[in-house]
Amino acid sequence: MKEPLVLGIETSCDETGIGIVRGLTLLADEIATSVDEHARFGGVVPEIASRAHLEALLPTLQKACDVANIKLRDLDAVAVTAGPGLVGALLVGTSAASALALALGRPLYAVNHLAAHISVDALESGAHTEPMIALLVSGGHTSLLRVSDVTADVQPLGSTLDDAAGEAFDKVARLLGLPFPGGPEIDRIASTGDRSSISFPRGFTSAKDQAAHSLDFSFSGLKTAVARYVEGLIREKRVVDVPAIAASFQEAVVDVLIEKALRACAQEGIDRLLIGGGVAANSRLRSVARERCEHAGIQLAIPRPGLCTDNGAMVATLGSLAMARDRPATALGFASSPGLPVTKALI
Amino acid sequence: MSRYLLAIDTATTRTSVALLDGPHTMVEVNREGATGHGEALPSLVAEVLQNISTNQLEAIAVGIGPGPFTGLRIGIAFARTMAWALEIKVIGVCTLDALAFDYLKDGLAPFGDFAVATDARRKEVYWAVYDRHGIRQGEPVVVRPGNISDRLLRLPTVGSGALLYSNDFSANVEPIYPSAAAIGRLGFAKLDGGEELTTEPLYLRRPDAVPLMSSPEWLR
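Just so you know, the sequences run in chain order H and G.
Numbered per my numbering, the first sequence spans residues 1 to 347.
Numbered per my numbering, the second sequence spans residues 1 to 220.
Isolated chain H, as found in the complex:
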């Protein structure tokens, strides 16, 4: 049998993503983003994102079909992100996906955004990479997961108790006078700074925290430490060395993320680590992960940066895996779920 042709729709935050895969071959991955419209607000404004999704939807769908050079009637299934995410943004995608599935008479797979971030690895690593530990790091999420089957069995091991890692990047960037989104800005400017110049705190790494929060994260203390540090410099009328502060902050985040990810691998006896989500596009995170995984004998997978940030290809991929593994399709009239737990890979 010919491998299934699946179209995926992602609208959980500020990216309108449409991906098309045949089996695990990527045919198109088109993205429209409203990120520039949010910059002057210092963060994603849900209503602005939702309006932008509605405008971008059809042009992005059309472009993806053109790039993939497919006819809609050849599609075997439609997949869509049902959560977690911004409810008004999610609903644009789920409504469009429902319409597409109904118009074409094809099955619909409503999928979990976080599971989709994990599943996208299959485009580069193949269909059967489980079991693995997944570290998902983005502006909205920071989680360590045990993945036995990305379509059916994803178990949380730990997560952030306050800010997401990407959120910490945004907040520290703002403090340093860098534009939104902060991740790419800090990554860029940190490359010219001394990352060992300032010793910022590593959340939940003390002996006391190890017992209760061995695999959890906390970044709000780090963000406050950077703020206090900058305030101290201003009070003493000293120069604010932005590259050094950015590099030292980034090093603290990366250090904790990788240390805990490797601890999860050891604890679960799993020798494969996947890192996904927008922060996985960070160049320092990628290079530290490579170094330490090699040292620890852990097989590392990090999708290329374009597949780490939000996209439609990951949604199509999870839909394709769901079909390949004979998972039931989603009944029409399902609810979009802003707080969808990671344990629910498919709806």
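Don't read these hints as lab results, they were simulated from the structure.
It cannot be assumed that every hint is accurate.
Capping the alpha-carbon separation at 30 Å, the derived lysine-lysine pairs in DSBU-like fashion look like this [what the hints assert, rightly or not]: (1) G/Lys190 with G/Lys89; (2) G/Lys89 with H/Lys71; (3) H/Lys63 with G/Lys89; (4) H/Lys2 with H/Lys71; (5) G/Lys190 with G/Lys105; (6) H/Lys2 with H/Lys344; (7) G/Lys190 with H/Lys63; (8) G/Lys105 with G/Lys89; (9) H/Lys2 with H/Lys63.
Partial pick of chain H residues on the chain G-facing surface, computed with a CB cut under 10 Å [said to hold, decoys possible]: (10) Gly42; (11) Val45; (12) Pro46; (13) Leu108; (14) Ile198.
Listing some non-contacts, in silico: residues in chain G with all C-beta distances to chain H over 12 Å [stated by the list, open to error]: (15) His37; (16) Asn51; (17) Ser53; (18) Ile60; (19) Leu104; (20) Gly107; (21) Pro110; (22) Phe111; (23) Asp131; (24) Arg132; (25) Gly146; (26) Leu164; (27) Asp168; (28) Gly194; (29) Thr199.
Glycine included, C-beta positions come from ideal geometry on N, C-alpha and C.
Based on these hints, arrange chain G on the given structure of chain H.
Below, chain G alone, put in the same frame as chain H:
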């Protein structure tokens, strides 16, 4: 020959879906609920389309509000995508016009000018005035009932907003909710009248968001 048109409206607390064959309404189904348009709409559309193939549809008409943002987008995203997939026309219809259409019932307004008011939350209504032929007098607005002149408040007023603020709208009359059947009839009129077909949502309000200070204090 049949002329099938799918009509939907999600601009009020009612999700309304109808299948028309020309001016004749074959079936209309409704579901109540301020939230839940996203769950209701696909099921209701599947229900009205159960006896025809989607390929038989000639066009889709959709209420473009004004109405609460999330509901509006659910209907418009659905209508646009389905029409795109089927390569048929999609027609936007002002939701208040559909209420006016049902009030007239193909006749003349019994007491001359009238108004339509739907609930805009935050103590406001989406509101427009119509003449006795059902021609809208200007663009719809979002307004506090207290800011409408006494003369216009006394007009017969249809819609959920008139009922909700019945102290202001002393002459509130039925219907309370727009019907997809009326959206469909008005959709056909636009389609056959060669009017420009736009499905831009009538938000009437800007997003609530406050820009940040441009830079941190130490840089200023």
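Exercise. Taking 30 Å as the top limit, are the C-alpha atoms of H/Lys2 and H/Lys63 close enough?
Worked result: Since the Cα atoms of H/Lys2 and H/Lys63 sit roughly 24 Å apart, the hinted pair holds (cutoff 30 Å).
For this session: Run the C-beta distances from G/Ser53 to all of chain H and say if the shortest one exceeds 12 Å.
Result: violated, 8 Å
Exercise. Does the interface hint hold: is H/Val45 within less than 10 Å of chain G, judged Cβ to Cβ?
Worked result: Cβ of H/Val45 sits 4 Å from chain G, so the hint holds.
Problem set entry | 12 Å cut-off, C-beta based - G/Leu104 kept clear of every residue in chain H | holds, 31 Å
For this session: Grab the minimum beta-carbon distance between G/Ile60 and chain H and tell me whether it stays above 12 Å.
Result: Its Cβ does come within 12 Å of chain H, the nearest being 9 Å, so this is violated.
Exercise. For the pair supplied as a hint, H/Lys63 and G/Lys89, is the alpha-carbon distance within the 30 Å limit?
Worked result: Judged against 30 Å, a Cα distance of about 19 Å means the pair holds.
For this session: Report holds if the minimum CB distance from G/Arg132 to chain H is greater than 12 Å, and violated otherwise.
Result: At roughly 36 Å from the nearest Cβ of chain H, G/Arg132 sits farther out than 12 Å, so the non-interface label holds.
Exercise. Does the claim that G/Asp131 lies outside the interface with chain H hold up, using a Cβ gap greater than 12 Å?
Worked result: Given that every Cβ of chain H is farther than 12 Å from that of G/Asp131, nearest at about 32 Å, it holds.
Exercise. Does the interface hint hold: is H/Ile198 within less than 10 Å of chain G, judged Cβ to Cβ?
Worked result: Violated - the Cβ of H/Ile198 stays beyond 10 Å from chain G, reaching only about 17 Å at its closest.
Exercise. Is the hinted pair G/Lys190 and H/Lys63 satisfied, with a Cα-Cα distance of at most 30 Å?
Worked result: Cα-Cα ~29 Å, so holds.
Exercise. Once the closest CB in chain H is found, is it more than 12 Å from G/Asn51?
Worked result: The claim stands: G/Asn51 keeps its Cβ more than 12 Å from every Cβ of chain H (closest is about 14 Å).
Exercise. Is it the case that G/Pro110 keeps its Cβ farther than 12 Å from each residue Cβ in chain H?
Worked result: G/Pro110 clear of chain H: closest Cβ-Cβ about 38 Å, beyond 12 Å.
Hints 14, 15, 17, 18, 29 from the earlier list are contradicted by this structure; the remaining hints agree with it.
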